[in-house]
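**Q** Below are the chains, spelled out letter by letter.
Number of protein chains: 2
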Amino acid sequence: MTSDSQTPLEKTTAAPRVLIVGAGAVGAFYGALLHRGGATVEVVARSDAEVVRAEGYRIDSPLGDLSFRPTAVYETVDAAATGGGGGPDYLVLAVKVLDDLDRAALIAPAVGSATAIVLIENGIDIEAPIAAAFPQAPLISGIAFVGARRTAPGCVQHQAFGRLVLGDYPRGIGPASHRFAALLEAGGMAGKLTDEVVTERWRKCVWNAAFNPMSVLAGGADTRRLLAGDEPLLRSLMQEVCDVAAAEGHPLPEPLVSASLASTRDMPAYKTSMALDFLAGRPLETEAILGNVVRAAERHTTPVPHLRTLYGLLRLRAAAQAA
Amino acid sequence: MTSDSQTPLEKTTAAPRVLIVGAGAVGAFYGALLHRGGATVEVVARSDAEVVRAEGYRIDSPLGDLSFRPTAVYETVDAAATGGGGGPDYLVLAVKVLDDLDRAALIAPAVGSATAIVLIENGIDIEAPIAAAFPQAPLISGIAFVGARRTAPGCVQHQAFGRLVLGDYPRGIGPASHRFAALLEAGGMAGKLTDEVVTERWRKCVWNAAFNPMSVLAGGADTRRLLAGDEPLLRSLMQEVCDVAAAEGHPLPEPLVSASLASTRDMPAYKTSMALDFLAGRPLETEAILGNVVRAAERHTTPVPHLRTLYGLLRLRAAAQAA
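Sequences listed follow chains C and P, in order.
Here the first sequence stands for residues 1136 to 1458, numbered as in our numbering.
Here the second sequence stands for residues 1136 to 1458, numbered as in our numbering.
Bound conformation, chain C alone (with noise of 0.2 Å):
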C-alpha cells in the first residue's frame, strides 16, 4: 500500500481509472472498495444505469456504507468507448460468464492500449477467450469470495466476507496485479496475491462445481438440505474436481474436499448463486462451472461420472427452465 492510496481524495489527477462492466451486486461492491481506495470509478451498468447516474449506488455492508457516486455512467461499452486512446488502466469484467455472450467482443470498444483487464467471474477456463483476443494487456484473474446481493435497482446489500483472490494469468504477480490489490486494500478489504491463480480458480471450483448445480437439481435447497441429504454424494463430486484440477496441472491439498465439507457444515444455511439464480429464473454458469470442469475431464481421460451425470441432468434442467 503507497502512501497515496492512503490519502485518495487529495491525489485525483493520479487516481488511476477503472471501468467496471457489468456493474451487478459484485461489480459494484468492488467498485466501491476501488472508489475508497483512490480509483476514478465508471461503469457500464445496463439496467440499472438510469439509476444509477442519478443517485449513485447505495451499498449496505458490514464494513460501513459503500455508496458511492461512479464518476461516469454508461449504457453500453460502446459509450465508454476509447476512441483510439490509452483506455481506462483497468478494466473489470463482472458479467456471468454465458454460453451465448461473447464477452472479448463485449469488452473490445473498452480496451485501450494501456488497459489491463480484471476477470471478477466465477468458472474454470473462462480467462482463455479474453486472453486470444487481447495478447497485448494485463490479464488479471481474480476469484471473489463475497456474499452480495441486488436489492433494487442501484442497491446492492453488501452480506458477509469480499475477498479477492487474484494474480496475472496464467500465472506470477504482474505490476497491474500488485496495483489493483494495494487499490483494494486501501479501499478497505485486501486482495489476496497469488503467483498461481489457475490453481486457486481451481480450489473454488471444488465446491462450486458441486454444491451449485446440486442446489438448482434439488430445486433450489440450500447448503444445509444438500449436506443433509447426500454428503457422500458431494464429497465424491468434490473429490472428481480435485482429480481433474491435478490431472491439469494443479494439485490439491488432500484434505480440501474434508476441509470445506466441515466449513460448510459449520456455516448457517445458505443458497448457492446459481440456486439463486435458478429460482430467479436467470440464466446459469452451467459451463463456466461444471461445462468446463468436465471436459477437461475429458482431454485427460480423467473418470468423472458423478460430474458428467451431474453435467448432463444441469443441462437439461436449464433446458426446461429456458423453454
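The set of hints was computed from the structure by calculation and includes no laboratory data.
Hints may be right or wrong, so weigh each one.
Copies of the same chain look alike in the list, so a pair counts if it fits in one copy or across any two.
Simulated crosslink set (SDA-like; lysine to any residue; CA at most 20 Å straight-line) [as the list claims (entries may be wrong)]:
1. 1327 - 1417
2. 1327 - 1397
3. 1406 - 1456
4. 1406 - 1458
5. 1231 - 1389
We have chain C already, so just place chain P on it with the hints.
**A** Chain P alone, transformed into the frame defined by chain C:
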C-alpha cells in the same frame, strides 16, 4: 386357454374370485380384463369407491369399451377381510411402492388360506417383503407394459399396450400363474408367462431406472427431450443397470440398451409415469425403481456412479417437493 374361459358368462358359479387392492388406472384395466375373462372381480378403491359402487368403472380402450361393474367395492382392505376363510383366489396388488406404505400389512386382512398374491407393480426387489410375510401363498410377480391413466373418479383411459409379463417369484411358473394368464387371455390380452420373472423385472428396470428419474430431474421432460439432450448419459445409466442385473445373477442380452434406446427414439414423445407423478405433486417410487438398484449394486460392489448420482439427486428433489 380352456373352453371354460371362452364362455365365461355361463360359468359364474365356478368363476375365480379376484380382489384388486389399489384399483387405479392399471388395477382397473387388469380388473376389466379379468372380468371379461370370467372372474368375479371385487376392488378396494379408496378415493373412487363411491363413484365405482354407483356406476362401475368406465374404461375407454383401443380394445373396445372395457367398462365394468365390480361385484363388490370396498373402501378398505379390512372391509374385504376374509374373516378366516379361504379368501379370494387372487389378490391383485396394484398400489405404488412407496417407502411409507407397508404393503404386506395392507393386504394381510384379505389374504386367505387359498389366496394367490399377484403383484402388478414397478420396481426391483419389491417381492421380498410380501414373500416374507406370506410364505405359504403362491406369489405371482407381474410386470405391466401398459399406458393407462385415470381421467376422473372411476374413469380410465387405456392408451396403449397392455401386456402383463408374469411368473412365480422367485422363479418358475406354477398352476396359479397359468390360470391367471388364462383369465387374462380370455379377457382379450394374453399374459406372457416367464419362468424367470426377476430377470424380466431387471429388463424393464434398465429403461425405468434411467428414464424415470432423469425425466423428473430434467423438470418433467418427455422422452424425446431426454434423448435429444443427453443420450450418452441415458446409455451409461442403462448399462450400469445391466451390470447390476448381471451381478445379481440376471444377465441381460448385450444389445438390450441400444435396442431399448432405438425403440424409444421411434416412439412419439411421452412423459414417464414418474414425471407425471412429479408434475402432479404425487409421491415418487424412488426406492422401488432406483434406490433398490443402487443397494443391489452396493451388495455386489458393482460401480454405479451415474446411477448413484441420479439417486442422490432424485431423493433431494423429492424431499424438496414434499417439503
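**Q** Each hint needs a verdict: does it hold in this structure or not?
**A** Against the structure, the hints come out as follows:
1. Taking the shortest alpha-carbon separations for residue 1327 and residue 1417, neither the intra-copy value of 30 Å nor the inter-copy value of 50 Å comes in at or below 20 Å.
2. When the C-alpha separation of residue 1327 and residue 1397 is checked against a cutoff of 20 Å, the pair qualifies neither within a copy, at 23 Å, nor between copies, at 54 Å.
3. Taking the shortest Cα distances, residue 1406 and residue 1456 sit within 20 Å of each other both inside one copy (18 Å) and across copies (17 Å).
4. In this assembly of identical chains, residue 1406 and residue 1458 lie within 20 Å of each other by CA distance solely across copies; the values are 16 Å between and 24 Å within a copy.
5. For the homomeric pair residue 1231 and residue 1389, neither the shortest alpha-carbon distance inside one copy (30 Å) nor that between copies (45 Å) is at most 20 Å.
Comparing the model with each earlier hint shows violations of hints 1, 2 and 5; every other hint is respected.
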